[in-house]
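So the sequences go chain by chain: L, V and Y. Numbering (my numbering) for the first sequence: 1 to 174. Numbering (my numbering) for the second sequence: 175 to 833. Numbering (my numbering) for the third sequence: 834 to 1013.
Treat each hint with caution, since some may be false.
[To be verified] Listed next, the in silico PhoX-like pairs over lysine-lysine satisfying Cα-Cα at most 25 Å (straight line): (1) Lys153(L) - Lys5(L); (2) Lys741(V) - Lys128(L); (3) Lys5(L) - Lys90(L); (4) Lys60(L) - Lys88(L); (5) Lys104(L) - Lys128(L); (6) Lys702(V) - Lys104(L); (7) Lys442(V) - Lys929(Y); (8) Lys58(L) - Lys104(L); (9) Lys702(V) - Lys952(Y); (10) Lys153(L) - Lys738(V); (11) Lys694(V) - Lys650(V); (12) Lys128(L) - Lys915(Y); (13) Lys104(L) - Lys60(L); (14) Lys153(L) - Lys60(L); (15) Lys915(Y) - Lys104(L); (16) Lys88(L) - Lys104(L); (17) Lys952(Y) - Lys694(V); (18) Lys929(Y) - Lys128(L); (19) Lys694(V) - Lys738(V); (20) Lys915(Y) - Lys929(Y); (21) Lys104(L) - Lys172(L); (22) Lys952(Y) - Lys650(V).
No lab work stands behind these hints, which were simulated from the structure alone.
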Amino acid sequence: MSWKKALIPLACVPVIILLAYGFRTDPRAIPSPLLRQPAPGFRMAVFDGAELSLEGLKGKPVLLNFWASWCYPACYEEAPLLESTWRKYKDQGVMVVGVDVQDKEANAREFMRRFNFTFPNGPDPGSKISIDFGVYGVPETFFIDREGRITYKHVGAITPALVEAQVQALLKGK
Amino acid sequence: MISTLGGFVLFFALCVTLYAVAASVAGARAGREDWLASSRNAVLAHFCLVTLAIFLLEYALITSDFSLRYVVNTSTRGSLTRYKIAGLWGSLEGSILLWEWLQALMATLVVARYSDRHRLLMPYVQAILQGISAFFLLLMTFGANPFTRVFPIPLDGRGLNPLLEVTDMLVHPLLLYLGYVGFSVPFAFAMAALITGRPSEEWLTITRRWTVVAWLFLTGGIFYGGWWSYRTLGWGGYWAWDPVENASFMPWLTGTAFIHSVMIQERKRMLKVWNLILITLTFSLVIFGTFLTRSGILGSVHAFADGPVGIMFLAFLALILLFSFSLVAYRSDRLKGHGELDSIVSRESAFLLNNLVLVGICFTVFLGTIFPLLAEAIRGTKISVGTPYFNRVSVPLGMALLLLMGIGPLIAWGRASLNNLKRNFLWPSLAAVAGAGILYVLGVRQTEVLLAFLLCLFVLGTVVFEFTVATRTRAKTTGEGMLGAFTTLLLKGRRRYGGLIVHLGVVVAIIGIAVSSVYKVEHEQTLKQGESLSVGPYSLRFDGLAAGERPTHILVWANLMASKNGKPLHELTPGQRFYPNQQTPFGSVDARYHWNEDLYVILSAFERDGSSATIKAMINPMISWIWIGGGVILLGVIVAVLPERHLAMLSLRARAQAA
Amino acid sequence: MRSRLGRVGRAESTLPSLLGRRWGAAGLLGLALAISGVAVAASGAGPPSSNLEDRVRAVASELRCVVCQNLSVADSPSDLAKEMRNLVRELLQQGKTREEIQAYFVSRYGEYVLLAPPKRGFNLLVWGLPFLAIAAGAWGIYLVTRRWMAQREESEQPMDPSYAEQIRRELQEREGPAGS
């Protein structure tokens, strides 16, 4: 069998290798282009409070969390952790900010009351802030350093270990 | 108990198929008829065992035996019985069992029908079909066992995705699987012909009907899937170039190319290697498609993936590709047909171009489907290849195909004389240009639509012209009436005229696709009670919200009063379904489906107190033509594959009626 | 000298044989290419509509809805898609172009959000390969049909004259007593 004929079966091999590579990728994991980029600035009308602007928080590490009252069970799982993180680190200058996505005010307030949120939360009318941060769904959490750069993005409910590690890194950061 | 028994039955079936493969090959090589007889018995035994496995699983499903993990995943106590039955193919393991059962069924039918007549080929055909079955049984035994137990036994099952608990679920997968599995038969015959070193035309004629029937089911499955999407998913479309949709489309394309190019091989004994490559590609694409669906490497609405299944499918795909293409390469000397061509202006050329375009579209779809994977491997970024790409590349090719569809059936074999060209194409061409001109005058200005109509009218013209001339000639020569002549024509030349009807169906569907995508109108508005939304000549008045409990969910719907040009029509009630296990509700479309246009309405959002609702309404002109076209294709294929015996009866009856 | 057993008689004029060679080929292929060409041109970006909603739809249909699978922002019934459409509308009203809007979304969501890969760099492969493949296939068909037409020519060659003469003699011998 001449080498030319062997070409036909051999032509299939690269395709098979490519498909095998496919097992190593996760079609659902979309990397964010905002990592290590300056976080998009925004102004938010906080529930029961004044306005909050992200630029105004420069100099402090920020944990920015996107949540919704209809987001079950993940947002419900991480809510206590958000509040406890806020209470633990606020004296060290860490800000926890929550953005309520595509929600009704009554439901949002109920959610905040249920988990005793004392950190600033606000609605996102028109989902402008969510889109600006490339948010796919809820919950998503962004860790922002003192210079206002996004150091880490987490999709899904946060865990204590993750928060610990990231906040420490932010505090130690330049 | 069912779990152990079921697992054992599958394992036993695996052993039987492996035995059948061995006995067939050994029996053929040694010339031992008794071994071959034993292998045929093994094929039957294999079918009985797999049928038993199906019975066991269905029994567990119908009696809601939640000790089996599969039953938990695919049904609940409250599910309707027919959906419990359909749970058989609702998830991965059961769908593989169903596929394997169909494979076993086909193998049994093939053995029963052809064992006496094609003694040289049949042992290898058997071996290949049983080998395929062996893979699926292996898969179930080691990767995806439908009889796995779960502990502790839950009180109620999780049930299928609510989108699947519909009548469509009873039809769509079965149609597709019949098509997919059906293509394994011509593939097996082709491989057997190569193995025995007798790649004559024999294998083509034997499997011709199988191939066309498999193609019919696959076509039916694809059209049905689009129809189901359209009525259910709520975005008003029917095809999203989703990887799994593409996976069903690719074998359809090569299968269509195969059906056409075998006509050249039958007549002129040319293109032998090419036909073998085509059927191998078709079957490989079938396996590739099911690999995509079950491996999870490309995200898709359809994908249901798990564990080692993907790797096993890839290994099987690799095996098939390497095995069959090596065989083709090995035997390629014997396959050199003596090709002769009189002229490029001939039906042979038209068929060659047909193949070029169809395989070209298939290549494009394949490239687009795996390109994100390639880009990620090379560049490390995730990209998307979606509708804009596929449309941009396949629309021009589709137009070229339309043109060929008109030319092909009427152009002469060998060498088309100027007379032949003039006689057959003058009137259709004039009619097409005239029709397009009329449309232009009536206000149709988009180039795409005009071009599509021009070509569709051309094809329509050739079909009508051919039918008219042939009927008239026949009526004149035999003295039958026009109707009698027409019927006899259909029955005597069923392959040709059935094929023409299929082309007609394709044209109807393409007109539906072109018009509905270009002239679609939509409008979304939030309405308070009493307010109206207008879209085109229609007006929808929001009369209020209502809610009700259903067996499996809570339904919230909007009462809308539709009127056209001021005249009230009827109520439409689009809604949302809230299922206990699901985070977000599923939309419930309501529409007025009409042959010339659809008024399609969904409820996007609503206020809990019923004070307002956001309604999205769209007009899809001529979209029903797509489904009607599918029906015509079905009709055409049935005409084309009608067997001889029925033919004679029908023809006698027709003549008696005409007299 | 050609015998009757040479070229098989054909009741065709010589014009088609010219057509069969060059013009027929050019005609058929040319027609198919012309139609494809028009279709390609037509399916490209149509004239930009002045209607705002049409423009929103056009831009949104090239963005991927990130919460659904494979649907465009224009088609998707999801809430986030609706908000994205609103954003597109606002940006268009601010005077941003289609490219600028796409660039914005890409800067937030990555290239993934574009439903068709931009025609740059590596992505040119996916845009160019189909046409290259078809061109290669057409070239292949051309080569093959040329070979087939040559083989047809060969089988139509007039017979070797001495052999033809021999056959004629043998036939005459056979028919002789009865026929002549």
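Any of the earlier hints contradicted here, and which numbers? Going through the list in order, the structure violates hints 1, 2, 3, 7, 8, 9, 10, 11, 13, 16, 17, 21 and 22 and respects the others.
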